[in-house]
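Here the structure of chain H is known, so what remains is to put chain B in place on it, guided by the hints.
Keeping their order, the protein sequence lines are chains H and B.
Going from the first sequence to the numbering used here is simple: count from 1 and add 35.
Going from the second sequence to the numbering used here is simple: count from 1 and add 35.
Where hints are given, some of them may not hold.
Same chains, same label: a pair holds when it works inside one copy or across any pair of copies.
[Unchecked claim] No more than 25 angstroms apart at the CA atoms, straight line, and that leaves these computed lysine-lysine pairs for DSS-like:
hint, residue 1, residue 2
1, Lys51, Lys338
2, Lys283, Lys91
3, Lys254, Lys51
4, Lys51, Lys211
5, Lys279, Lys91
6, Lys279, Lys462
7, Lys373, Lys91
8, Lys425, Lys338
9, Lys249, Lys51
10, Lys50, Lys338
11, Lys216, Lys50
12, Lys50, Lys211
13, Lys164, Lys279
14, Lys164, Lys283
None of these hints come from the bench; they were simulated from the model.
Protein chains: 2
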Amino acid sequence: MAQANARSLLMNVHKKENVSLLSTEAQSPNYRGFFNLGAIILIVANFRLIVENVLKYGFLLQHPVEFINDYLSAPCFLTWLSNIFPAIFAYYLETRQALKISQTLTRLIQFILQCYILIMPLCVISHYKVHFVPAFLLLTYHLIVSLKLYSFGSVMYEAREAYATKEYLNYPAEIKEVIAKYPNFTNITHFIYFLFYPTMCFQFHYPRTQRIRKTWLFKRIFEFIISSSLMLILIQQYITPLLKNTIKVLEEENINYVILLERHLKLCLPNLYLWLILFYSSFQCQFNILSEITRFADREFYKEWWNSRTLGEYWRTWNLPVHNWLLRHVYFPMVNKKYGKTFSMLVTFLLSAVAHEYMVSGACRILTYWAFLAMMSQIPMIVIGDIFKKQLEKSQIGNVVFWVLFCMIGQPIIVIIITHQAYIGSKS
Amino acid sequence: MAQANARSLLMNVHKKENVSLLSTEAQSPNYRGFFNLGAIILIVANFRLIVENVLKYGFLLQHPVEFINDYLSAPCFLTWLSNIFPAIFAYYLETRQALKISQTLTRLIQFILQCYILIMPLCVISHYKVHFVPAFLLLTYHLIVSLKLYSFGSVMYEAREAYATKEYLNYPAEIKEVIAKYPNFTNITHFIYFLFYPTMCFQFHYPRTQRIRKTWLFKRIFEFIISSSLMLILIQQYITPLLKNTIKVLEEENINYVILLERHLKLCLPNLYLWLILFYSSFQCQFNILSEITRFADREFYKEWWNSRTLGEYWRTWNLPVHNWLLRHVYFPMVNKKYGKTFSMLVTFLLSAVAHEYMVSGACRILTYWAFLAMMSQIPMIVIGDIFKKQLEKSQIGNVVFWVLFCMIGQPIIVIIITHQAYIGSKS
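Isolated chain H, as found in the complex:
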C-alpha cells in the first residue's frame, strides 16, 4: 500500500501469489503467540478451579489448634530427636569397639541397630495414631538415618579391612593418608556433620564452601515456608475433599466408572502440583538450606529429570542422594561379587520398592503392598523404555509418555488406592 496518495484504482491490493500462513506450504510461521495463549489458558483454567472450589467448599483450612495437634506431633518429634542415640552408638561401635571385637560381630550389631531405627518409629506412629503427614516425615527421616549409618558402617569396615590386608598402600593418596591414621580414621565432629549433610554416602572428605551466605540462606528459607504453605493448602483444600468424594464413589455397590474417571482427572492436577512443589520444597529448598548451614558444597541433588524420556532415566535423575547410595552400597557391591548387572539392578529396585512401601504403609498404619506393586510394575516399563532408548533420543514422545504414565495415570491411581485401603483399614 505504498501509493497512499493515489486513487483506489491505482492501489492494487493483490499483486502476487501468496499462501496462507497456516497452510503447510507456508514457510515456518512464528507461533510464539499461541505458546503465550497456552500459558494463559493454563492459568485461567486453574484459577477457575480455585474459584469453583471456594464456591463449593468455602475455606477448608484447618483451625490452627487442630493443625498443631495433627501435624506437630510431640511423640514424632521426640522420636526423631532420639535418633542421636543410635547414631552416637554407631560411631562408638565403629571407632572404638570394633577394634576389640570381630568384624562379623560388629556387622551383626550394626544390623540390630538398623532394625531398631526402622521399627521404633512404626511403634510410635501406631501407638499414638499419628497423622499421615508427620508419620510420613518421621519414617523418611529414620530411613535416611538408617541409610547414613549403613554407609558409615560399610566404609569404616572396608577401611579396617584395607588396613589389615595392607591393600590401602595402593590406594589414592587422599584415602591412603586417612587409613594410615588407623584407628583414628575420622572424628566425632566430621561424623555429626555427616548426619546433617544432605547425602547418605559417608566419605572421609567432602567438598566444602568457604562461608555461609546469609541472604542466600534466608531466601531459601522463605521459599521453603511458601512452598510448605502451598502444599498444606493443596492437601487440605483440594486433595482431601476430592479423595473423600472418590471414596464415596468407590464404596457404592455399582461403581460408576465415568464418574470415577472424572474424579481421577480432577485429582491429576492438584496431585501433580503437590508433587512438583514437594520436590521443590525438599530437593531445592530443604537440601540447599541444610547444605548452606553445613557448608556442604556438592548441591547436585537432582539432574534434569523433567526431561526424562524413559522411566529408567527418571529414577536415575530425580533423587541423586538415594540413587548414589543405591549404586555405591547395593548395585556396585553386587556387581563386584559377580552377580549379573540385570539381577543387581532388579535387587536394587526391589530394595527401593520395599523402602517406598515402608514409608507409605507405615504412615497409613496399615500393611498394604500397593506402593511396592506400583514400584515393581515399573520394571517392565523401564525395560521397554531402555529397548526403545535410541528411537526416543531425538523426539519428545518419550518425555510425553513419561509424564502421562507417571503423573497423569500412575500417581493419582496409587493415591486413590492407598486412600481407599487406609479408609478400609480405619473402618475395621
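Leaving out everything else, chain B in the frame of chain H:
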C-alpha cells in the same frame, strides 16, 4: 562413578562443588520437559471438562430435524441467492448506464442499491424469526456483497474520471491499457469471478493460479466440515448451557459476583476455542476453498495476528480482506482529502464498529449498542498500545495483555451481555 569395580570406600560420590539446577546460579538448564507437561495439563484439564460436561448434561446435540429447521433457513438461503440481482444491476449500471447519466446520479443509485442490500436481510430475519447462526451468516454475506459492490463502483467511477480528464495517460502501463479500452474496462466474467473471490477490493487484474489442485481442495473441504462440526458441538454442548446458567445468575435479585466470575471463567475457554476454530474455518478453510475453485492466487487473508503485541496490531493483521478494503476505500481516500491521519483512523474504526453492530444486532433481532461500544472501547487501548509500542517490541508482555484483554476478558463479557440483551428482548 567410574571406579565401579572397587570398594565403596573408594567410590567418592561428592568430589567437587555443584549448584542445584533450579538455583538461579545454575547455567541455563533445559526446561523442555516442563513445556511438554504444560501441554499435557492443557489436554487433561480440557478432557476432564468434557467428561464433566457429559456427566452433567448428557448429549445436548440437537435432533437433526430441529437442526435443519434452525440452521438451514430457506428464507435466508433464498435471500442470499437473490444477491445476484443487485450485483448484476450494479454491473449494468457501471458499464452501460453510467455512460448516459451523470456521475453523481450513478453514485446515488449505487447508494440506494447498498441500502437495499443491507436492509433487505434484516427484514427477512425479523419476519421469519431466523435462528442466530444463519442470520449472522446471512448478514455477513450481505455486508460482503455490499462492500464488493462499493469497491467495484468506486474503481469504475475513478476509471471513467481518469479517462475523461486524460489523467490515465500517466498511469502505470497495466492500468493505462485497461482505461484506454473505454467504455469496456471489464467484462461480466471477470465481474462474476470477483463476486466469488475472497476479497472485497475490485481490481482489473488479479494474480491467478495455473490450475485447481483437486486433492488439496478436498483436504480443505474436509477440514471445513470437521471445523464446522466442532463449532456446532462447542455451541450446543458447551456454550449454550453455560449461557443459560449465566442468565439465571444475572436474573437473580442479588447478583452473586463470585458465581458470575466463575461462569465468566468457565465461558472463557469454550468461547476462545470457538473463536479460534471460527477463524480457522473461515479464513483458512472457506477462503482457501473459494480461492482454489476460482484460482485466486493471493491467499494472504491474515498475518501473524496471534503474535500481536497491541490491539491495533491485531486489528491490522487478523482480517486482511476487510482491513485492505477499509484502507483502500475509507482511510486513504480520507487522508487524500487532507483529513488528519488520526481522524481518518477514527472514522475507519467507527465504520468497522457500526458494521459489527449491524451483524450482531441484526442477528439478535434487537437493536443494542454493545458490539459498537465494545469496538469503540478499544480505541483508548489501541492508543495506549501505540504509545508503548517501542517498549513492547522485545517482550512478550504485550502479547499476553492482548490475549487476556481480548479473549479472556473482552469476548466473554460481550457474549454474556449480548445474550442477556437478546434474552430481555425475547421476553418483552
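(Q) At most 25 angstroms between CA atoms: does that hold for Lys373 and Lys91 within a copy, between copies, both, or neither? (A) Answer is neither; intra-copy 60 angstroms and inter-copy 61 angstroms both fail.
Q.
One pair to classify: Lys425 and Lys338, alpha carbons no more than 25 angstroms apart. Within, between, both, or neither?
A. Result: close within a single copy only, 20 angstroms intra versus 39 angstroms inter.
Q: State whether the alpha carbon distance between Lys164 and Lys283 is at most 25 angstroms within one copy, between copies, both, or neither.
A: The answer is within: 24 angstroms in one copy meets 25 angstroms, while 48 angstroms across copies does not.
Q: Could you figure out if Lys279 and Lys91 sit no more than 25 angstroms apart (CA to CA) within one copy, between two copies, both or neither?
A: For Lys279 and Lys91, the Cα distance is within 25 angstroms both inside one copy (14 angstroms) and across copies (20 angstroms).
Q) Using 25 angstroms as the alpha-carbon threshold, which applies to Lys254 and Lys51: within, between, both, or neither? A) between (59 angstroms within a copy, 24 angstroms between copies)
Q.
At most 25 angstroms between alpha carbons: which applies to Lys50 and Lys211, within, between, both or neither?
A. Classified as between: cross-chain Cα gap 17 angstroms, same-chain 83 angstroms, threshold 25 angstroms.
**Q.** Lys216 and Lys50: within-copy, between-copy, both or neither at 25 angstroms Cα
**A.** Result: close only across copies, 22 angstroms inter versus 89 angstroms intra.
Q. Checking Lys279 and Lys462: alpha-carbon separation at most 25 angstroms within a copy, between copies, both or neither?
A. Classified as within: same-chain Cα gap 14 angstroms, cross-chain 44 angstroms, threshold 25 angstroms.
Q: Using 25 angstroms as the alpha carbon limit, work out where Lys51 and Lys211 are close: within a copy, between copies, both or neither.
A: between (80 angstroms within a copy, 19 angstroms between copies)
Q: If the cutoff is 25 angstroms on CA atoms, where do Lys283 and Lys91 land: within, between, both or neither? Let me know, please.
A: both (17 angstroms within a copy, 18 angstroms between copies)
Q: Since the copies are identical, ignore which copy is meant and state whether Lys50 and Lys338 lie within 25 angstroms (CA to CA) inside a copy, between copies, both or neither.
A: between (55 angstroms within a copy, 16 angstroms between copies)
Q) Within a copy, between copies, both or neither: where do Lys249 and Lys51 come within 25 angstroms Cα-Cα? A) Result: close only across copies, 22 angstroms inter versus 65 angstroms intra.
Comparing the model with each numbered hint stated earlier shows that hint 7 is the single one that does not hold.
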